[in-house]
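A.B. asks: So the chains spell out like this:
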Amino acid sequence: MLTHLMNASLMTLGLALTSLAIGLVLAILLCGAEMSRFALLRWPANALSTVLRGLPEILVVFFIYFGSTQILFLITDQYIEFSPFWCGVTALSLLFAAYSAQTLRGALNAVDKGQRQAAQALGLPALYTFMHITLPQMWRHALPGLGNQWLVLLKDTALVSLIGVHDLMYQAKAVASRTYEPFTWYGIAALIYLVITVVSQQGLQRLRTRVTRYD
Amino acid sequence: MTDWLFSNSAGMPDWFGYLPTLLQGVNITLQITGAGLLLGLVIALSLTWVLERRIPVLAQLTEGYLLLLTGTPLLVQIFLIYYGPAQFDWIKNSWAWTYLREPMFCAILALGMNAGAYTCRLFKGALEAVPKGETLACQALGMNNWQTLSVKLRHAMRRVIPAYSNEVVLVLKGSSLASTISIMEIMGLAQRLNGQTYDTLAIFGLAGAIYLLLNGLLTLAFRRLEKRALQFQTQQ
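Sequences listed follow chains A and E, in order.
For the first sequence, position 143 (counting from the first letter as 1) is numbered 143 according to our numbering, and the numbering increases by one without interruption.
For the second sequence, position 108 (counting from the first letter as 1) is numbered 108 according to our numbering, and the numbering increases by one without interruption.
So here's chain A without its partners, still in its complex pose (with noise of 0.2 Å):
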C-alpha cells in the first residue's frame, strides 16, 4: 500500500514540475503580452489572467478536460479523450501562469531604471541588456512570489485527482475505499504532502540566500 502512495508522490512531483516548468513559460509570455506596447497584445492577457484568478481551480480543470472532448467533438464529430495528465497539466500551468506573471512583472518594474540605461549607454544590445542584467537581477525580486505560487501549486495538483490522474490523492482515495481505514490514509496523505512543501520550502530558502548573497 505505501509503496503505491510513493510512485503516486512521484505522479504528483512529475505533475507539479511539469506543470511549472510550461508555467514558467507562459507566465513569461503572459507578462511580456501585459506590458507589450500594443493594445491588441495587452487586452487579451489581462483579461486571460483576471478570469483564471477568479475562477476555482476546479472549474478550471474540468472546463479543460471536458471542454477540450467538446470542442474535439464538434470539430471532428468524434469522441476523442485528451490524457487526464496533460490536461491536468495545461490547467495547473495556466493557473500558475496567470499569478505568477503577476510577480515578473512587478519583479521587472523593481529592477532600477538605470541599469538598462547604463547598459544603453555603453552600447549594450537590447537582447543583450535583457539577458545578462535585467533577467538576473529579475529573479531576485521574483523568486519569493514564484516560491508562494509553486506550493499553491503543489497543493492544487490534488485536484487533478478529480479527473482521474493517478496521483497521491487518488491512490489515497483508491487505498481509503479498499481497506475502510479513510482517516489513516487521507491522514498518510497529508503528511506526505506535508513533507513536499517543507522539503520545497527549505530549498526555497536556501535558494534564496544564494540570490541575495550581494545584498
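Just so you know, these hints were derived from the structure itself, not from any lab.
Everything hinted at is true.
Only pairs whose alpha carbons sit at most 30 Å apart, straight line, appear in this in silico BS3-like list of lysine-lysine: (1) E:K227 with E:K124; (2) A:K155 with E:K124; (3) E:K132 with E:K227; (4) E:K132 with E:K152; (5) A:K173 with E:K92; (6) E:K227 with E:K152.
The hints should help you fit chain E onto chain A, whose structure is shown.
C.D. replies: Showing chain E alone in chain A's frame:
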C-alpha cells in the same frame, strides 16, 4: 457547425436554459463561504492572540496547526474531515456524529479551519508590520498588555483589509470543492448538468461567469471598505 449555439427555433442560445439551475447553487455557495469566513475569522483571531501573547504550549500547537493546514491541499482536508471520522466507532457512537456525517457541516468546518490558518498568517504579518514606536508609546502611556494589543490590533485591522479581500476570494473559490462531498452548490450543479448533457463549454462557462461576478462584487465591496478604513491616511 454553429447549430450547437442556436439549437432552438427562437434563435436564443439554448444554453441560457442552464442559468436558472446554476443560480440555485449561488445561495449554498454564499452560505458555505460566509460561514467558512466567519469560522476562519474566529480561529484566526484566537490563534493570533495565542501567538502574540506567546502562551507556552499553545503557541507551539498553533504553529503546528498553521503548518498542517497551510501545507496540505484543501481537498485532502475536506476528505479527511468528511470521510475520516467514519473509521472510528467511538466517534460514530458519540454526539459529534450527528454533525460530522453532514457534508455541509464538514465543508464549512474544513474551509473555516483552512481559512483560519491562512488568515492567522495574514494577521500575524500585519501585527508585525505595526511600527515598534506605537507599542513603545502605548507602554509609555502606562497601558497594560491587553490595551497595547488592542491598539495594535485596531491599527493592523485597517492595513490587513486588502490582503483579507484576497483571502475572501480564495474562500469563495475554495467553496467549490464542497461539490466533491456531494453538496449541490454552483460547481456541484454544474457537474451534474454536465453529466446529463455533456454541454461542457456552455455549462462550465456560465458557472465560471457566476463565480467571476461574485468575486468581482466582493472585490469591489472590499475596495470601498478599504478606502473608508484608510481614509485617515489621505487627509492631511
